Every structure is written in C-alpha cells, then in structure tokens.
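**Student:** Read off the chains here:
There are 2 protein chains.
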Amino acid sequence: MANNYHARIYVTLRSSVLDPAGTAVESGIKQMGYSGVEGVRIGKYIEMKLTAEDETDAKTQLDRICDRLLANPVIENYCFEIDRLVSG
Amino acid sequence: MANNYHARIYVTLRSSVLDPAGTAVESGIKQMGYSGVEGVRIGKYIEMKLTAEDETDAKTQLDRICDRLLANPVIENYCFEIDRLVSG
Chain B
234 MANNYHARIY VTLRSSVLDP AGTAVESGIK QMGYSGVEGV RIGKYIEMKL TAEDETDAKT
294 QLDRICDRLL ANPVIENYCF EIDRLVSG
Chain F
234 MANNYHARIY VTLRSSVLDP AGTAVESGIK QMGYSGVEGV RIGKYIEMKL TAEDETDAKT
294 QLDRICDRLL ANPVIENYCF EIDRLVSG
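Going down the list, the protein sequences come from chains B and F. Numbering-wise (the numbering used here), the first sequence opens with residue 234 and increments by one. Numbering-wise (the numbering used here), the second sequence opens with residue 234 and increments by one.
I should point out that these hints are in silico values taken from the structure, not numbers from a laboratory. Owing to the predicted nature of the structure, the values given are computational and were not obtained by experimental measurement. Even for Gly, the Cβ is constructed at its ideal location relative to N, Cα and C. Be aware that a few hints might be false.
Said to hold, decoys possible - Negatives, chain F to chain B, calculated, CB over 10 angstroms:
no., residue
1, Arg247
2, Asp287
3, Arg317
Stated by the list, open to error - According to the in silico footprint, chain B covers these stretches of chain F (three or more CB under 8 angstroms from chain B):
no., segment
4, 236 to 245
5, 254 to 267
6, 272 to 284
7, 291 to 305
For reference, chain B alone in the conformation it holds in the complex:
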C-alpha cells in the first residue's frame, strides 16, 4: 500500500567550491551595517510530495532524484528530511 510523504531537500555547494553569489550577498549585508556576518553560502531548498511503499522506498527515490536532477554531485552535496503524511 502506498503512503504519502513530504520531503524537504537541501542542496548546498561543497565547502571546497567557491560561492560568488554568497560573497556578493555577504558584501551587501556588510553594506547594510552588519559587519559581524561572514561565511554566507547560498543553496537550494526544495519541497515536494511523493508516494512510496515505505520510508526506505521514499529515500531511494529521493536519492536518485537528487543525484540525477537536483544536485550536481561534482560540486554539490544534498540531504533531505521526510515526513509521512497521515490522511484522515
């Protein structure tokens, strides 16, 4: 029987990869007067619903979706959290 899950996926640049967008945002924040801000890194946050047999199946689907579509494994890491949606 299929279950419904809600997934929250975080895709971040690997720490060894430069983040020019993050640097630009950090510069903007400092110009606002917040000099104590540093290490700004910008990633992606993706939400979706999916149906799966069980939690293991949901994780397998999400691993493939992240590896092949959402993240570039050469320069990005990903992680995700899933919750089972209970109807009723």
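Assemble the complex: chain B is given as a structure, and chain F must be docked to it using the hints.
**Tutor:** This is chain F only, laid out in the frame that chain B set:
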C-alpha cells in the same frame, strides 16, 4: 559580550505564487519515471555566521537581512533557525 551564531535561512515562494522552475523540475522527475511526485516548490537555503549580543539581537539582525536583502516580501516567505556557537 558578543556571541557567535550559526543561522540557517529558508526563503520560499508564497503558496499563492506560481513556481515555473518547480513545475519544470516536477516534469523532469516524472520523465524519470517517478509519477508519484507532485507539488515541487523551489526555494533558497542560506547559511551564515554572525555575531550578536544575544539571541534576540541575532533574530533582529536576521529579520532585517531577510526583509531587505534575501527575500522579496511581496512574493516570498522566510524563516530561520539559529544556533549559538560555543568556542573552546
């Protein structure tokens, strides 16, 4: 005395706003064979370190940074989590 905090910020499109990028990703996922995926929404995930007097000060700084720089309040919501970094 200043404390160091680590912030994780999530910027998401308001639910009333269309997300063409999310729709495109959802179409791609379905073409991979995962027909049970729906409601894909793409947002931003931002990490940074900041110094602040206390947690209240850190939240005030982050609210201003999000309102004025990271999110467009007309079409986006934001939320954040902060952790105090303990040195030693």
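**Student:** Decide, hint by hint, whether the structure agrees.
**Tutor:** These are the hints, each one checked on the structure:
| no. | hint | result |
| --- | --- | --- |
| 1 | Arg247 | holds (13 angstroms) |
| 2 | Asp287 | holds (13 angstroms) |
| 3 | Arg317 | holds (14 angstroms) |
| 4 | 236 to 245 | holds (count 3) |
| 5 | 254 to 267 | holds (count 7) |
| 6 | 272 to 284 | holds (count 13) |
| 7 | 291 to 305 | holds (count 6) |
Hint compliance for this structure: no hint is broken.
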